[in-house]
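A.B. asks: Chain by chain, the residues run as shown.
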Amino acid sequence: MLLLQHIAWGLPEGTEIIRDVSLDIGDNKLVVVTGPNGGGKTTLAKLIAGIEQPSSGRLILDGEDITALDMTQRAQKGIAYAFQQPVRFKGLTVRDLLELASGGELKEAVLCDLLGKVGLCANEYIDRELNASLSGGEIKRIEIASVLARHAKLSIFDEPEAGIDLWSFSRLVETFEELRTAGAGTLLVISHQERILSIADEIVVVADGKVRAAGPKDEILPTLLSEEKTARCPLGREEARV
Amino acid sequence: MNNITDTLLRLVSDFKGSFDGAFNIREDGECAGRQSTEHIQIESKTDAPGIIVRVMPGTKGETVYIPACVTHGNLDDLVYNDFYIGEGANVKIVAGCGVHTDDEQEARHNGIHRFFLDKDSHVLYEEKHIGTGKGTGAKRINPVTDAVLNEGAVMEMDTVQLSGVDSTLRKTTAKLAARARLSVRERIMTDGQEQAKTEFDVVLDGDDSGVDLISRSVARGNSYQEFHSAIKGKTRCTGHSECDAILVDHGTVNALPALEASHVDAELIHEAAIGKIAGEQLMKLRTLGLTEQEAEEKIISGFLK
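Going down the list, the sequences are from chains A and B. Residue numbers 1 to 242, in the numbering used here, belong to the letters of the first sequence in order. Residue numbers 1 to 305, in the numbering used here, belong to the letters of the second sequence in order.
Check each hint, because a few of them may be wrong.
Unchecked claim - Distance condition first, Cα-Cα at most 30 Å in a straight line; then the derived DSSO-like pairs of lysine-lysine:
(1) B:K234 with B:K305
(2) B:K305 with A:K107
(3) A:K117 with B:K305
(4) A:K217 with A:K117
(5) B:K276 with B:K171
(6) A:K90 with B:K128
(7) A:K90 with B:K276
(8) A:K90 with A:K107
(9) B:K128 with B:K92
(10) A:K90 with B:K305
(11) A:K107 with A:K117
(12) B:K232 with A:K90
(13) A:K90 with B:K197
(14) B:K171 with A:K90
(15) B:K119 with B:K232
(16) B:K92 with A:K90
(17) A:K107 with B:K16
(18) B:K171 with B:K128
(19) B:K16 with B:K128
(20) B:K175 with B:K234
(21) B:K276 with B:K92
(22) B:K92 with B:K60
(23) B:K276 with A:K77
(24) B:K45 with B:K134
Derived from the structure by calculation, the hints contain no laboratory data.
With the hints as constraints, model all of the structure from the sequences given.
C.D. replies: Right under this line is the structure:
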């Protein structure tokens with residue numbers, strides 16, 4: 001459903017952050033993007049959502065070239081993006097945000113269902129302002145709910161686990177699984193969490209601005225963990241067994 | 001009552017052809033209708049233009065409407081209204097003001113309101129201002145509010161001025177006795193060459209008194225706003241003021257908050273921020289499918305809600 005062809009992007013002063021990334025993301029798949037910090041995962045997500053424009057390469061969504069579209073137009077084409085660090089709004093309430101996301105008024109039951117998916121009780125939250133009175137974990141979960149409210153073709157979640165407690169995280173993993181089972185669109189989740197990796201259909205490893213590995217979970221996950229062991233021990237995996 | 005007044009009343013208060021409860025409608029400096037109720041008496045002042053509103057002790061859940069309208073140019077309306085709120089009463093006072101001019105002459109309303117809240121009374125005071133009409137004449141509204149809150153009294157002021165008033169100077173002073181609370185929510189939007197100035201002077205005079213002053217404003221076009229507040233804590237008390245302003249186009253906002261504490265247990269805080277709409281906020285709403293302009297409107301209308 002989404003094709004990335006030779007995507008590149010760099011900082012204005014010239015540092016290359018994304019170098020020649022090509023990817024094919026299939027319909028209704030749960031794809032987890034992982035890799036070391038600073039490797040370019042968030043930048044890649046922003047390039048897909050249209051928050052950044054690639055310096056070269058093309059993005060094709062369901063056969064349509066969307067490279068030149070801005071973030072509003074890409075959102076209208078069915079791309080949703082949950083920010084890693086959500087922004088706060090003085091005045092806008094949780095209900096306002098979810099209604100803007102879904103494109104119309106929402107009944108209490110729907111709000112309740114959306115917030116329940118991220119482990120929040122709707123009654124306590126729907127009229128709360130999205131201001132500094134909400135904790136980091138609360139605002140993060142509302143951000144995720146705002147993307148769920150869109151029922152988009154492609155939903156991108158940038159480190160959804162960051163700042164969320166264990167219990168809400170479990171609920172979130174269930175939600176991702178439910179969405180996948182329902183075939184309700186493609187999920188692209190940037191994550192380091194083993195539990196999220198373990199429910200992936202496919203895993204993409206991004207490091208140093210490039211795709212280091214991509215493929216079915218069963219193929220990629222074992223190599224990931226072995227690499228981790230290697231990285232921990234300067235002698236490497238083989239010698240470390242001794 | 002003329003058509004312009006009818007339109008203005010619908011804009012500044014929940015007028016639907018009539019009012020439910022006590023009311024006094026001021027139109028172009030004259031009384032265009034009045035009604036007292038069993039618990040709320042409204043009478044004319046004898047020494048100056050204006051009215052005296054007396055709310056009997058223990059009155060609960062009633063609303064008093066005292067809108068004022070100026071419907072043409074070349075009028076400088078000045079009115080002195082006094083409110084006496086009896087012990088333990090809990091009422092809502094709706095004091096909208098609309099000014100309208102279709103010619104080059106100035107339309108102006110100056111409302112001077114004095115509130116005397118007896119022990120443990122509670123007032124919700126709503127004030128909505130609007131300027132309308134195609135005339136080039138300046139539309140000015142200059143409200144003065146003086147409040148004296150006795151022990152345990154609570155006053156909530158909710159003021160809104162979102163369009164059409166060329167110049168406004170709002171002065172609010174309050175003096176609070178023990179356990180009295182004042183909370184003010186002010187929302188202002190100016191555009192074009194409009195000017196809006198607000199001044200607050202609150203004296204916390206009794207133990208455990210408190211004030212919470214929240215001002216949110218948007219300055220568009222070449223408009224100019226001033227927010228000057230002074231909170232004086234003379235005893236064990238809490239004072240908080242917060243001034244948030246969004247600039248659009250070439251607007252200017254001058255915020256000058258002052259705190260004066262003369263007691264070790266006076267806790268006074270001020271927060272102020274002036275700036276354009278945060279880029280991250282626009283970005284978030286655009287990723288939901290809104291255009292930049294739609295996102296800006298949503299952020300501003302939420303901010304001024």
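A.B. asks: Could you check the structure against the hints above and give me the numbers of any it violates, in ascending order?
C.D. replies: 1, 21, 24
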